[in-house]
Amino acid sequence: MAALLEVERLSKRFRGLKAVSEVSFSVPEGRILALIGPNGAGKTTTFNLIAGVFPPDEGRVTLKGRNLTGLKPNQVCTAGIGRTFQIVKPFGQLTVEDNVVVGALARERSVEAARVQARAVLERLELADQANRPARSLTLPDRKRLEVARALATRPTLLLLDEVLAGLRPTEVDRMVEVLRDLNRREGLTILMIEHVMRAVMALSDRVVVLDHGEKIADGAPAEVVADPRVVESYLGAEALE
Amino acid sequence: MSGPSRMMPSGVTGRGMMLLVLAALGLVIAPFVADRYLVSVLTTVLWFAYVGQAWNVMMGFSGLLSLGHALYVGLGAYVSAALFVHFGIGPWAGMVLAMLVAVVAGCVIGFLGFRFGVKGVHFALLTIAFAEVARIGFDHITWVGGSGGFFLPVEAGASDPLNLRGSPVLFYYVALALVVGALFLSRALLHSRLGYQWLAVREEPDAAEASGVDLFRARMTAVAVSSALTALGGVFQAFYFNNLFPEQVFSMGRSIEIILPAIVGGIGTLVGPILGAFILTPLGEALTFLIEAGGLDLPGLKQLFYGAALVVIVVFRPEGVWPWLARRLGLVRQPGEGA
Ligand SMILES: Nc1ncnc2c1ncn2[C@@H]1O[C@H](COP(=O)(O)OP(=O)(O)OP(=O)(O)O)[C@@H](O)[C@H]1O
Ligand SMILES: [Mg+2]
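From first to last, the protein sequence lines are chains A and B.
Residues 1 to 242 (the working numbering) are what the first sequence spells out, left to right.
Residues 1 to 339 (the working numbering) are what the second sequence spells out, left to right.
The set of hints was computed from the structure by calculation and includes no laboratory data.
Virtual Cβ for every residue (Gly too), placed ideally from N, Cα, C.
Incorrect hints may have been included.
[Stated by the list, open to error] Covered stretches of chain A, going by a simulated chain B footprint (3 or more residues, C-beta under 8 Å):
#1 62-75
#2 85-94
#3 188-194
Extracted from the complex, chain A is given alone in its bound form (with noise of 0.2 Å):
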């Protein structure tokens, strides 16, 4: 199977600390993968060394063989990738249709247009009775929902998303995985997505990766990662303990 994305030897410093050390992974087209691990593992910096906000130290990523590799995160864009902050970023005094106008814009000319599929995607995201509010008037779960709407308007081949199940209720992470696991299947969309809710991660992940202080320590299908004692001692020993 063609991988989508590639992540190869990825390394990233913040002074003396390795935030990210030689990760690589691959992400299938059409799959999804599940980023894991303890607070400050290096997930969310992994997502941002993808996504362009700063250049690995070492290491590449390619997608579609593509090397992405120093572009700024709107050329990441435009390439094909969708991201969603961990914590959120609504254009707050615009309304919650415009917010996913502009992702819209990505590929669209006309603002029309942009509109046009704004409209669509918040439909799809069960936003749509809230399109005329200001965005910085919405609760949480929903500046969740409008994250992935904006990323998900910029009509990305792969969708990267940073804990969107957080802070959900138990009714609305159930929705959510049915609306992600939707557009995996009936549009093929690629995702890459971090997350801690692990009845979601079962539920939704072909593969899981997990990483623990910027290393990579487990790759590999979700039932496999779950069993293996590097995984519970550093990561699920702990979330369970909490």
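Chain A is fixed; fit chain B with the ligands onto it per the hints.
What follows is chain B with the ligands alone, placed relative to chain A:
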């Protein structure tokens, strides 16, 4: 159909539209009913409304704080005046070069600021620095009079609209046209792809960039549009007052005066800078009048008043007067009332 929170004209109610049309009509017939003094005050109001609108493109639409907009006024004024005095080139042709020079200056500032990640307050300091350099520099350019001032020839009773020579009423209508033109341009820009990108950059640059917006390009175009528009205000000023002094045109005080209407009226709104100018300038005039009538001669009292007005606004109406007024009078649709 856009969101009301953006104060887009499409969110304007019937009542709001009626008020807008009435105000426009009133301004068109004003010179027929107003005396010379009132026309001159209104011209000043319109001038500040216009440059406030120009400044608003940077701060209000794109989140770029410029505290040195006097630079673009001054460049526009000096370039057009020099072309007229030295080469006999009229302002309608001269304004093209005037805008171009201002845009180049703006792009130099923008390039330095955006390429090297100068943000927020530090970017504002950069804009001040350039205006100050121009102020001091023009003191020494004797070709345009240096610190002694630069004067345009004035012929009493001349009427030559092609060279922007004529009565105060001519200037009044030119100023009105500038304000109306800037209003339609601002509205069109906000409705455009670029406008959406500007707002996104203003609200959350990281998310804008992740949504495919080229931050550098979006910000540079905002500076270019703003500086070009502001330079036109400078051309007007040169031909209206017929004298230019670096100490005045490029002064920090002038830069502050330019930003006040938008702050008072509502940053980022279309009507805000216009309303702000209509509030501030008449109040300032009234104060000057009172000071003179009362025989008081306290230099700086007007500045003190502007300072106090600013404090009142920032404390009680941080969004500006327009969003509040529009809500109270039902001039725009509120979120949730449908688009
Ligand atoms: N921009 C930055 N500058 C300096 N240090 C950073 C920066 N971003 C992340 N770090 C540090 O790098 C390490 C990894 O952080 P990262 O945000 O990638 O973790 P994470 O796996 O996403 O954790 P969480 O589950 O809490 O979101 C942490 O120690 C963090 O403090
Ligand atoms: Mg994180």
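- request: Apply the coverage criterion to the region 188-194 of chain A and chain B: a residue qualifies when its Cβ sits closer than 8 Å to a Cβ of the chain, and three qualifying residues are needed.
  value: violated (count 0)
- prompt: Given as covered by chain B, does the region 62-75 of chain A meet the bar of three residues or more with CB within less than 8 Å?
  reply: holds (count 3)
- prompt: Are there at least three residues in the region 85-94 of chain A whose beta carbon sits under 8 Å from a beta carbon of chain B?
  reply: holds (count 7)
Hint violations for this structure: number 3 only, all remaining hints satisfied.
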